[in-house]
Amino acid sequence: MLEIDALTKRFFGLTAVDRISTRFERGQVSAIIGPNGAGKTTFFNLVAGTHRPSSGRILYQGRDVTGLRPDRVARLGIARTFQTTHLFDNATVLDNLIVGHRLRTRSGLWDVLVNSRRLQQDERLCRDKALQALDFVGLSHLADRIAADITQEERKRVAFALALATDPELLLLDEPAGGVNPEETVGLAALIRKLVDHGKTVCLIEHKMDMIMRLADKIVVLNNGAKIAEGTPAEIRRDPQVIEAYLGADHAAV
Amino acid sequence: MQALQGRLGWAALALLAIAFPLVAQNNYLVSVATQAFIMAIAVLGLNLITGYTGQFNLAHGAFMAVGAYAVGILTVDHQVPYWIAFALAGLVTAALGFFVGILSLRLKGHYFSIFTLCVSYIMFLLIEKWESLTHGPVGIMGIPAPTGIGPLQFGTPLSQYYLVLAFLALGIWIMARIVRSLLGRSFMAVRNSDELAEALGVDLMRTKTLSFVLSVTYAGVAGALYAGQVRFLGPDLASEAVTFDLVMFALVGGIGTLLGPLVGTALVTFLTQSLQFLQDYRMVVFGPVLILLIIFLPDGIVGTWLKHRARRVHAARTQARQQSSGPQPAERNRAERHA
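Residue numbers (the working numbering), protein chains in the order written: chain A, 3 to 256; chain B, 1242 to 1580.
None of these hints come from the bench; they were simulated from the model.
You may find that some hints are simply not true.
Unchecked claim - Label-pair ranges, simulated between beta-carbon atoms: (1) A:Arg65 - B:Thr1545: 47 to 53 Å; (2) B:Ser1400 - A:Asp130: 44 to 50 Å; (3) A:Arg65 - B:Gly1528: 30 to 36 Å; (4) A:Val188 - B:Ile1363: 41 to 47 Å; (5) B:Arg1552 - A:Val188: 44 to 50 Å; (6) A:Asp146 - B:Leu1533: 48 to 54 Å.
As the list claims (entries may be wrong) - With a Cα cut of at most 20 Å, we get these calculated EDC-like pairs of lysine to aspartate or glutamate: (7) A:Lys220 - A:Glu232; (8) B:Lys1548 - A:Asp169; (9) B:Lys1548 - A:Asp146; (10) A:Lys196 - A:Asp212; (11) A:Lys220 - A:Glu155; (12) A:Lys202 - A:Glu185; (13) B:Lys1548 - A:Asp73; (14) A:Lys210 - A:Glu177; (15) A:Lys210 - A:Glu237; (16) A:Lys210 - A:Glu155; (17) A:Lys202 - A:Glu237; (18) B:Lys1349 - A:Glu237; (19) B:Lys1548 - A:Glu232; (20) A:Lys220 - A:Glu237; (21) A:Lys196 - A:Glu237.
Said to hold, decoys possible - Per the computed footprint, the stretches of chain B lying under chain A, defined by three or more beta-carbons under 8 Å from a beta-carbon of chain A, are: (22) 1304 to 1310; (23) 1436 to 1449; (24) 1551 to 1561.
Quick caveat, the model's predicted, so the values are computed rather than measured.
Glycine included, C-beta positions come from ideal geometry on N, C-alpha and C.
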């Protein structure tokens, strides 16, 4: 689904992402792990188009998407969530979600001024998509709640719903379980599994190792911008380089 | 309160505005209100780019001056009929806004604001120094009042009042259309987080430029009406003081709300008018009032009220649900967990 070939990003001499090559397969959960500053989020920014790579190629469904603008990448079916969830706190949860499907609609200023039929159809479509996405993440009961009043875990779920409303094939989730308690983490992991069961492909960055080990089909380990290992959770657990660079000597016995 | 929301509330406001001159019976008050309405049209526009799209434009007053000068120059120096000059003023402002927009909107946050402040000052200097075009510091005098349309004549303060009121109503109506549509949602997504908006497939440059052009067109139209009402123009109209007045009106009323620009403009105009008797000391009263407003109502008057109302509506709905079916299992769990 996504092929990365020797992807590199340098910021003024600092190599944040160093010749990473890997593949993410359709219908799988792939995880990217690594210590802080390993280049995980920069890697996501390159795939999503926020930064242009210094060199290397990104192929999405066989198509070269290297250096494409983020809104173009989103239109091709790659959605992402961020570490911090930016919701508009003064609006309801549903209002926050409706714009999610805007990229699949074509109404412009003229449609707005004359209140065209196309605009009305688009508005209905976006609202339906938002409601479906909210239902999918299990938060239908919060549709009318002010976004400022929901919990951190609910915010995470709303962020998933927003990404889902864009009708993506591939979801890039940056620390989907950051800042939520262990009990809620289990619920979020189940939700990610549900995404995959419904035909989505997921790639996520996460620090919570037990969640990753249970959830991921494949793990890519980054350190200092470079890939140091790649494989199934079982393989990663045994990899001496990973143990040394990331998990620490204590985990060698696990 | 409930009855004053939605359509009915707007109808009540319209009636109030229509009845005002009949109650006031005073030409001075009517022309003060007319100027406030003109400012309100400009603030509506400023609110689109600043309140709804999150880009703090500090050149808005200068764009208003461009609209006004377009009418002044065309009618006085080139004998163009008022309404043709009026339409051209809108177009000129929109076109200038497009070029300023594609340049300045590459910058974000405070950089954008400072850039537009500089643009504003350049526009002020151009108007002040380019004497062959703008008459320089002398200004443009003898601008004709808007010519009549059919049986309607706009020579008297009263008829000007209703003319401007009609444009204000049109401006509000169009703005309501825009901000309640998917287009408006794109603007608000950019305000909320441009990074997230782009990840959701919003073309940032296109969206921001469209908002900017629409916004300054409101300023241009307001300027054109200003020229026809005040009939005299000086370069001071392009000074940053005008922009900051507009910003103040927007902040007091509540940016990012439809009603905010109107409430803010009306309230501040009313305050400054009623403090006239204090002469130079009025700022001693006005300043602290403004500071208190910003401290206690950071979302502005309308913004604070809307937030309060949204919470109440949700509380009422939850209560209604619970009374009809008892707490939902999911909600009960949640409540227990948070207890």
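Hint-by-hint comparison with the structure:
no. : hint                             : verdict
1   : A:Arg65 - B:Thr1545: 47 to 53 Å  : holds (49 Å)
2   : B:Ser1400 - A:Asp130: 44 to 50 Å : holds (49 Å)
3   : A:Arg65 - B:Gly1528: 30 to 36 Å  : violated (60 Å)
4   : A:Val188 - B:Ile1363: 41 to 47 Å : violated (59 Å)
5   : B:Arg1552 - A:Val188: 44 to 50 Å : violated (31 Å)
6   : A:Asp146 - B:Leu1533: 48 to 54 Å : violated (32 Å)
7   : A:Lys220 - A:Glu232              : holds (7 Å)
8   : B:Lys1548 - A:Asp169             : violated (31 Å)
9   : B:Lys1548 - A:Asp146             : holds (13 Å)
10  : A:Lys196 - A:Asp212              : holds (18 Å)
11  : A:Lys220 - A:Glu155              : violated (25 Å)
12  : A:Lys202 - A:Glu185              : violated (24 Å)
13  : B:Lys1548 - A:Asp73              : violated (31 Å)
14  : A:Lys210 - A:Glu177              : holds (9 Å)
15  : A:Lys210 - A:Glu237              : holds (18 Å)
16  : A:Lys210 - A:Glu155              : holds (15 Å)
17  : A:Lys202 - A:Glu237              : violated (24 Å)
18  : B:Lys1349 - A:Glu237             : violated (45 Å)
19  : B:Lys1548 - A:Glu232             : violated (49 Å)
20  : A:Lys220 - A:Glu237              : holds (9 Å)
21  : A:Lys196 - A:Glu237              : violated (25 Å)
22  : 1304 to 1310                     : violated (count 0)
23  : 1436 to 1449                     : holds (count 10)
24  : 1551 to 1561                     : holds (count 5)
Checked against the numbered hints above, the structure breaks hints 3, 4, 5, 6, 8, 11, 12, 13, 17, 18, 19, 21 and 22 and satisfies the rest.
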